[in-house]
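There are 2 protein chains.
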Amino acid sequence: MPIAVDAMGGDFAPRAAVQGAFLAAAEDGVAVLLVGDRERVGAELDRIGLSRDRIEVVHAEETVAMDEAPTSVRRKRRSSLAVCAQLVRDGRAEAMVSAGNTGAAMVAAKLYMGAVPGVDRPALAAVFPNRRGRTLVLDVGANVDSRPEHLRQFAVMGHFYAQEVIGTTRPRVGLLSIGEEYAKGNDVTRDAHRFLAAAGLNFIGNVEGRDVFSGGVDVVVCDGFVGNVLLKSSEAMAELVVGMVREELMRTSRTRFGGWLVRPAFANFKRRTDYTEYGAVPLLGVEGGCFIGHGRSNAKAMRNAIHSASEFGRAELSGKIGAKLTQLAAEEARLASSAGPV
Amino acid sequence: MPIAVDAMGGDFAPRAAVQGAFLAAAEDGVAVLLVGDRERVGAELDRIGLSRDRIEVVHAEETVAMDEAPTSVRRKRRSSLAVCAQLVRDGRAEAMVSAGNTGAAMVAAKLYMGAVPGVDRPALAAVFPNRRGRTLVLDVGANVDSRPEHLRQFAVMGHFYAQEVIGTTRPRVGLLSIGEEYAKGNDVTRDAHRFLAAAGLNFIGNVEGRDVFSGGVDVVVCDGFVGNVLLKSSEAMAELVVGMVREELMRTSRTRFGGWLVRPAFANFKRRTDYTEYGAVPLLGVEGGCFIGHGRSNAKAMRNAIHSASEFGRAELSGKIGAKLTQLAAEEARLASSAGPV
Chain R
70 MPIAVDAMGG
80 DFAPRAAVQG
90 AFLAAAEDGV
100 AVLLVGDRER
110 VGAELDRIGL
120 SRDRIEVVHA
130 EETVAMDEAP
140 TSVRRKRRSS
150 LAVCAQLVRD
160 GRAEAMVSAG
170 NTGAAMVAAK
180 LYMGAVPGVD
190 RPALAAVFPN
200 RRGRTLVLDV
210 GANVDSRPEH
220 LRQFAVMGHF
230 YAQEVIGTTR
240 PRVGLLSIGE
250 EYAKGNDVTR
260 DAHRFLAAAG
270 LNFIGNVEGR
280 DVFSGGVDVV
290 VCDGFVGNVL
300 LKSSEAMAEL
310 VVGMVREELM
320 RTSRTRFGGW
330 LVRPAFANFK
340 RRTDYTEYGA
350 VPLLGVEGGC
360 FIGHGRSNAK
370 AMRNAIHSAS
380 EFGRAELSGK
390 IGAKLTQLAA
400 EEARLASSAG
410 PV
Chain E
70 MPIAVDAMGG
80 DFAPRAAVQG
90 AFLAAAEDGV
100 AVLLVGDRER
110 VGAELDRIGL
120 SRDRIEVVHA
130 EETVAMDEAP
140 TSVRRKRRSS
150 LAVCAQLVRD
160 GRAEAMVSAG
170 NTGAAMVAAK
180 LYMGAVPGVD
190 RPALAAVFPN
200 RRGRTLVLDV
210 GANVDSRPEH
220 LRQFAVMGHF
230 YAQEVIGTTR
240 PRVGLLSIGE
250 EYAKGNDVTR
260 DAHRFLAAAG
270 LNFIGNVEGR
280 DVFSGGVDVV
290 VCDGFVGNVL
300 LKSSEAMAEL
310 VVGMVREELM
320 RTSRTRFGGW
330 LVRPAFANFK
340 RRTDYTEYGA
350 VPLLGVEGGC
360 FIGHGRSNAK
370 AMRNAIHSAS
380 EFGRAELSGK
390 IGAKLTQLAA
400 EEARLASSAG
410 PV
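Residue numbers (the working numbering), protein chains in the order written: chain R, 70 to 411; chain E, 70 to 411.
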C-alpha cells in the first residue's frame with residue numbers, strides 16, 4: 070500500500086518532499102501519494118523530468134503553515150496534512166509522512182486516524198546514537214504532564230517499535246529518572262516504576278540521562294517535556310562540540326593541515342549521527358503510521374522518512390500494541406475483582 | 070576567612086582533596102581547613118612534604134560513604150561532611166567544598182548552615198559551555214517536583230550568581246520549556262512564566278533545550294529532575310561525540326597521521342569543556358557557600374572548587390538573594406491586600 074506524503078510541509082516544500090518521494094519510488098520501490106497543490110507539485114515533478122512510476126498526486130487545496138496553531142488543522146479539512154491522515158484512515162495509504170507543522174501533524178493523525186485501543190496518548194519516539202547502536206527515547210514532545218499509566222503505554226509502544234522496526238531482540242526498557250539517592254526520581258517516576266515492573270516487558274529499572282548514550286538500554290521512557298529537552302539539548306550539544314573542535318583546528322597551520330587530513334573521519338562521524346539518516350520520528354499509538362520530520366528536512370531526509378514509514382507499515386505495530394495493552398487491562402481488571410470482597 | 074574542605078569525600082580521597090587544598094593555599098593564597106581523619110590527612114600532607122602555610126587540619130572521626138543514604142549525615146554529626154557545615158555555621162569558615170556524597174552534602178548544608186530567608190529549596194547550579202561563554206543552569210538535581218514559586222527562587226539565585234560570581238552584566242534569565250506550539254510547556258512552567266515575568270529580573274521568556282548551548286541566555290531555570298537529565302545526558306553526549314571522532318580517526322593511516330597533528334586542537338577543546346576547570350557546582354540558597362564536586366574530582370578539580378568557593382564568599386550572595394526575595398514577598402503581600410475587598 071502506498072505512503073501518503075505531505076508535499077507542502079517543511080522549510081523546503083514542495084521541492085524536498087517531491088524529490089524525496091521520487092527517490093523513494095525510483096530507488097526503494099515505494100509507492101507514494103504526493104499530497105498538495107496539484108500545480109506546484111506537478112511543476113516540481115516536471116522539473117525532475119523522469120519517470121513518475123509509483124507516484125500519484127492527490128490534490129489538497131489548503132496548507133497549514135509552520136507557525137500556525139496546530140488546531141487549525143481541524144478547520145482546514147482540505148489541507149495537505151488533513152488529507153494525508155484521511156488517506157490513511159480510508160485505507161488508501163499505509164502511513165503518512167510530513168516535515169510540516171509538528172503539532173498540526175499530531176492533531177491530524179489523532180483526529181482522522183485515531184488512537185490504537187488502549188492508548189490514551191500517542192507519543193513521539195526519537196532514535197539517538199549510542200556507543201554500540203541506537204537508543205529509542207519516547208516521548209520526545211507529544212505530551213506533557215504524563216501520568217504513570219501513560220509512561221507504561223509509552224513502554225509498550227517503544228518495546229514493539231524497537232523489536233519490530235529497529236530489529237532489537239528482547240529490547241531492554243528503562244525508565245528515565247535521576248540517580249541521586251537524595252531524590253530517586255519524582256512523584257510520577259516512583260509510581261511508574263511499579264507499573265513498568267508489572268508490564269511483562271524486559272524492564273531494567275531506572276536509567277539516567279547518561280544511559281541514553283551508553284548502549285546499556287534500548288528503549289528509554291519519559292514524559293514528553295523531559296524527552297523534548299533531552300532531544301533538543303543533545304542535538305545542540307553535539308553541534309557545539311563539532312563547532313568548537315572546528316574552531317580549534319583553524320588556530321595553527323599544523324592543526325589546519327591535520328584537519329584537512331582528518332576530513333574523511335569527520336565525514337564518517339557526521340554520517341553516523343546525521344538526523345537525515347533517520348529521516349523522521351514516528352508518532353506511535355495511532356492507527357496506521359505517522360512520521361514527522363524536521364522542518365529543515367532535505368530530499369534525503371524525506372526519502373529516508375518515506376522508507377521508514379513503509380517498513381513501519383509492514384511491521385503492523387498497531388495490532389501488537391493494542392493486543393498487549395488490552396491484555397494488561399484485562400489482567401488488572403481480574404486482579405481488581407479477585408482482590409475485592411468475597 | 071578560610072574554606073572548609075571535606076578531605077574524606079570523593080573517589081580519590083583523601084589524596085585529591087589534600088593536594089587540591091595544598092595548591093589552592095600555595096598558589097591561590099586561599100586559607101583552608103582540611104576536615105577529616107587527622108592521621109590520614111597528616112600522612113598525605115607529609116607525603117607532599119612542602120609548607121603547610123594557610124592549611125589547618127580539623128579532625129573528624131567519621132565519614133559518610135559515597136553510597137550511603139544521604140540522611141545518615143544527620144546521625145553522623147562528627148563526619149567530615151557535618152563538621153565542614155558546622156564550621157561554616159560557626160563563622161570559622163566562609164564556605165565548604167566536598168567531592169563526597171552529593172545528597173549527604175546537601176542535607177548537611179541545609180541542616181547546619183540553614184537556608185537564606187525566602188528560599189524554600191536550595192538548588193544546585195551547573196555551568197555549561199556555550200558558543201560564546203557560559204550558561205548557568207539550575208536546578209540540576211537538588212529538587213524534584215518544583216512548584217512555580219520555587220522556580221522563581223531559582224531565578225533570583227541564578228541571577229545573582231551569574232552577576233556577582235560569573236561576572237555577567239544584566240544576566241538574561243530564561244525558563245526551560247518546550248517550544249512545540251502544541252504544548253508550550255507543562256502545568257508548572259505555564260504558571261512559573263507569570264511568576265518570573267513579575268520578578269523584576271532580565272527575564273527573556275521560555276527557552277528550549279538547544280538554547281542552553283546557543284549563548285542566547287545566561288541563566289536557565291528548571292526543575293531539578295529535568296536539569297539533572299540535561300546535565301547527565303549532555304556530559305555523556307559530549308563524551309560520545311569525542312569517542313566516535315577518535316574511533317573514526319583510527320580507521321586509516323591518513324586520518325591517524327592527521328589525528329596526531331590535530332592533538333593540540335583536541336587538547337584546547339578539552340580544556341574548554343573540562344569539568345575540572347569549573348571544579349564543582351554550588352548549592353545556592355544556603356547561608357554561606359557549599360560547593361559539591363564530581364566524585365571523580367582530581368587535585369586540579371578540588372583546587373578550582375576551593376578557588377570558586379573563596380570567590381563565592383567574597384560576593385556575599387546570601388544577603389543579596391535574601392533581600393530580593395524579601396522584597397518580592399512584600400510586593401505580593403501589598404498587591405494581595407490592595408486587591409482585597411475595600
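Just so you know, the hints here were simulated from the structure itself, not pulled from any lab data. Any given hint might turn out to be false.
Simulated crosslink set (DSBU-like; lysine-lysine; CA at most 35 angstroms straight-line) [what the hints assert, rightly or not]:
hint : chain 1 : residue 1 : chain 2 : residue 2
1    : E       : 179       : E       : 393
2    : E       : 179       : R       : 393
3    : R       : 253       : E       : 145
4    : R       : 179       : E       : 179
5    : E       : 253       : R       : 145
6    : E       : 145       : E       : 339
7    : E       : 393       : E       : 253
8    : E       : 179       : E       : 369
9    : R       : 389       : E       : 253
10   : R       : 179       : R       : 145
11   : E       : 253       : R       : 339
FRET-style restraints, in silico, Cβ to Cβ [said to hold, decoys possible]:
hint : chain 1 : residue 1 : chain 2 : residue 2 : range
12   : E       : 399       : R       : 253       : 44 to 52 angstroms
13   : R       : 146       : E       : 269       : 23 to 31 angstroms
14   : E       : 116       : R       : 332       : 30 to 38 angstroms
The beta-carbon is built from N, C-alpha and C at its ideal position, and this holds for glycine as well.
Hints, verified against the model:
1. For the hint linking residue 179(E) to residue 393(E), the alpha-carbon distance of about 20 angstroms falls within 35 angstroms, and the restraint holds.
2. At most 35 angstroms may separate the alpha-carbon atoms for a hinted pair to count; residue 179(E) and residue 393(R) exceed this at roughly 47 angstroms.
3. Straight-line distance between C-alpha atoms of residue 253(R) and residue 145(E) comes to about 22 angstroms, which keeps the hinted pair within the 35 angstroms bound.
4. For the hint pairing residue 179(R) with residue 179(E), the CA-to-CA distance comes to about 48 angstroms; that exceeds 35 angstroms, so the pair is violated.
5. In summary, the hint linking residue 253(E) to residue 145(R) is supported, as the alpha carbons are separated by about 22 angstroms, within the 35 angstroms threshold.
6. At most 35 angstroms may separate the alpha-carbon atoms for a hinted pair to count; residue 145(E) and residue 339(E) exceed this at roughly 39 angstroms.
7. Restraint check for residue 393(E) and residue 253(E): the C-alpha separation of about 29 angstroms stays at or below 35 angstroms, so the hint holds.
8. For the hint pairing residue 179(E) with residue 369(E), the CA-to-CA distance comes to about 27 angstroms; that is within 35 angstroms, so the pair holds.
9. In summary, the hint linking residue 389(R) to residue 253(E) is supported, as the alpha carbons are separated by about 32 angstroms, within the 35 angstroms threshold.
10. Taking the CA atoms of residue 179(R) and residue 145(R), the gap is near 15 angstroms; set against the 35 angstroms cutoff, the hint holds.
11. For a cut-off of 35 angstroms, the pair hint linking residue 253(E) to residue 339(R) stands: about 31 angstroms separates their Cα positions.
12. Between residue 399(E) and residue 253(R), the C-beta spacing of about 37 angstroms breaks the proposed range 44 to 52 angstroms.
13. One distance hint, 23 to 31 angstroms for the beta-carbon pair residue 146(R) and residue 269(E), is violated here, with the actual separation near 47 angstroms.
14. The hinted window of 30 to 38 angstroms between residue 116(E) and residue 332(R) is violated, with their beta carbons roughly 48 angstroms apart.
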